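Peer 1: These are the residues of each chain, in order.
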Amino acid sequence: MISAERKPDRVAQLVWPGQRSEPVTLAATGKSGGAGEIFSIEGMPGFVAKIYHATTSQAVLAKYRHKIQWMLDHTPALPPIPAEYQDIVQLAWPEALILRRARFVGFAMRKITFDRTLELDYLLNRRQAAQEGFDADYGKLLTVCFNLASLINCLHERRIAIVDLKPMNVKVHKAELYVSILDCDGFHIDTEEFRHDAPQVTPEYLAPEFHDKAVTHPEAQDSFALATIIFRLLNYGIHPFTGVASDHDKYPLELAGRIQQGLYPYGRVAHRSVRKVPASVHEAFPDDLRQLFDRAFAAPAYSRPIVREWVDVLSTYANKRSGQISPCEKGHLRFSDRPCPTCLREALIAGAEVRRRSFVARVRAAPARTLKYVRRTIRHTHSSPFQAALAQAQQFTFRQLAPPPPISTRNAIALEILWISGLLIAFWWAG
Amino acid sequence: MDQRPFDRLLVGGMSPLTALILWALVFSIAWRWRPPQPASPSAWVLLIAFGALGACAFWFVYFVHPEPQGFTLWKPTVVYWTLAAIMLIVPPLGGGYPAKIILGNYFVLANREWRWINRGFGLFCILLGCLNLAAASQASYKEWEGFKWSCMVFLLTVVLFRMMFVWLPILAEVSIHLYRRATAAYRYLSSLLSS
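Chains as they are written, first to last, in the numbering used here: chain A, 1 to 431; chain B, 432 to 626.
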């Protein structure tokens, strides 16, 4: 029964697989996306509801219902998680349909606890990650990369692709390092009995062959986006297509343009027209990872590594017992037998900081230096570049006159008044 | 409000008294701020010559109407040859190099360089004076006027040279001084407002 204080549009019917249904009350959370809005479900703290916007047409809603229904019937097998972490939600996968007045309006999914997680975006900036309570090191980052690759690989095995894979759509569990992928209802599905496209893309993570055209090979797109995310995670947020161009006129301003033109400067073979950004630590990566990055960003699409390859390579580094990750002299985790990327980065930053301080000091000293230069000029106490050049060219010494005694600005102004008076007189006579 | 006094001040002719007062004001500033070092003989000669030329100009501007045409044609030659005479006569008499005063002392050159620069200036002034007389006697008045004004390019060159090496540093020094004063005034006013 509906109580008096309940608003009718907040009341909905939850339909579980097997057609068991129950009435629920939704409460707004204030979180909204392009397709719908997120509501909490009263009495069910482990779930949330995504209700499509009221402006969504019936035809589109019908497509969504068809897709959600297929997803309910085909929950993918996910990477195994230890028993103590069973409450971790790796995918915000639909769990039940939501109907309102017998019409489909959305779906319910398991809730990802935001208190325990942070957006993958935050890991691209170590300081931001630390502020969110995540002390990033290469061991943790490689584990996150491995968990993300494993999760995507499980989806690909079921012919499901994410397509719009980007750090904002991925949550990382701070303590457990497992990842959760949001917006599952936007995935691309291509099975024998069901097919649904995913039109949403993000240009910064879009493979070069899909710019200005539809994504025809969604798994290849996921591989590219995954490689980009891994590169950024391991290289302090530097995008693989960020560089320093030798010819600024032809260098696209947008990352999308650089991806299209294949301007990747971090390959084992240097790019002809783009240089790496100075803060990059990619040279500290092991050869197998660099080879994968080169194939992902600098090779034709058909040789791009599939997600399975990333899982295989990353599994070695994510496993503590493999010995592939070891501490450096300062205690940072690094790839064994490779320079420590953290130390490398600190040295680069320290160098940049020294240069910055030096620049600031020079800027602060500029007025005093200018004043000194001006005074020397007025008082004739600094050597003439004209005479120095002459002496150098002619290889003989001048009998240098003693410089005139220094004069103050007022004295100089007095002389110039006389000089200008003479000039005016000469002008009258000659003109 | 009657704007005519202001119009006159801006565009009207200047009376001899106003011109004298203004010149005396500017000269008194120059006198007050004069360098403590004694001036070189060449500077004194230039000062006296230009004082005389200035007085003569003042006389003709305010008291001789109209100016005799013969004098008009000779005027440029007078000033060029006066300069040439000073440049060529003063150095052998041990009075220094007038070219140094005209160009400014930015370039600390050896005496030999100044000597040749001075001679070059002197000969060039003689040449200009002769050319002026030739143009005045051979060409039409209009053509002579064109020649006369084209010679101003040389004057402009000297002005630009001095502007670059002497006036700009002075301007910079004055700007820095004013900036410091303004900063101090700002701090003082801020302290007044904050207290």
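To be clear, the hints were calculated from the coordinates, so they are not data collected in a lab.
A hint or two may mislead.
Chain A residues, not near chain B, derived (Cβ > 10 Å throughout) [stated by the list, open to error]:
hint, residue
1, Lys-31
2, Ile-41
3, Gln-58
4, Ala-77
5, Pro-80
6, Phe-134
7, Ala-175
8, Glu-204
9, Tyr-302
10, Pro-339
11, Thr-409
12, Arg-410
13, Ser-421
Covered stretches of chain B (chain A as the covering partner; in silico rule of three or more C-beta atoms under 8 Å from a C-beta of chain A) [said to hold, decoys possible]:
hint, segment
14, 446-452
15, 505-516
16, 548-556
17, 578-589
18, 595-602
Only a predicted model underlies this, so the values are computations on that prediction, with no experimental measurement involved.
By construction, the Cβ of each residue, glycine as well, lies at the ideal position given by its N, Cα and C atoms.
Peer 1: With reference to the structure, classify each hint as holding or not holding.
Peer 2: Hints and how they fare:
no. : hint    : verdict
1   : Lys-31  : holds, 46 Å
2   : Ile-41  : holds, 57 Å
3   : Gln-58  : holds, 66 Å
4   : Ala-77  : holds, 69 Å
5   : Pro-80  : holds, 66 Å
6   : Phe-134 : holds, 43 Å
7   : Ala-175 : holds, 50 Å
8   : Glu-204 : holds, 46 Å
9   : Tyr-302 : holds, 65 Å
10  : Pro-339 : holds, 49 Å
11  : Thr-409 : violated, 5 Å
12  : Arg-410 : violated, 4 Å
13  : Ser-421 : violated, 7 Å
14  : 446-452 : violated (count 0)
15  : 505-516 : holds (count 6)
16  : 548-556 : violated (count 0)
17  : 578-589 : holds (count 5)
18  : 595-602 : holds (count 5)
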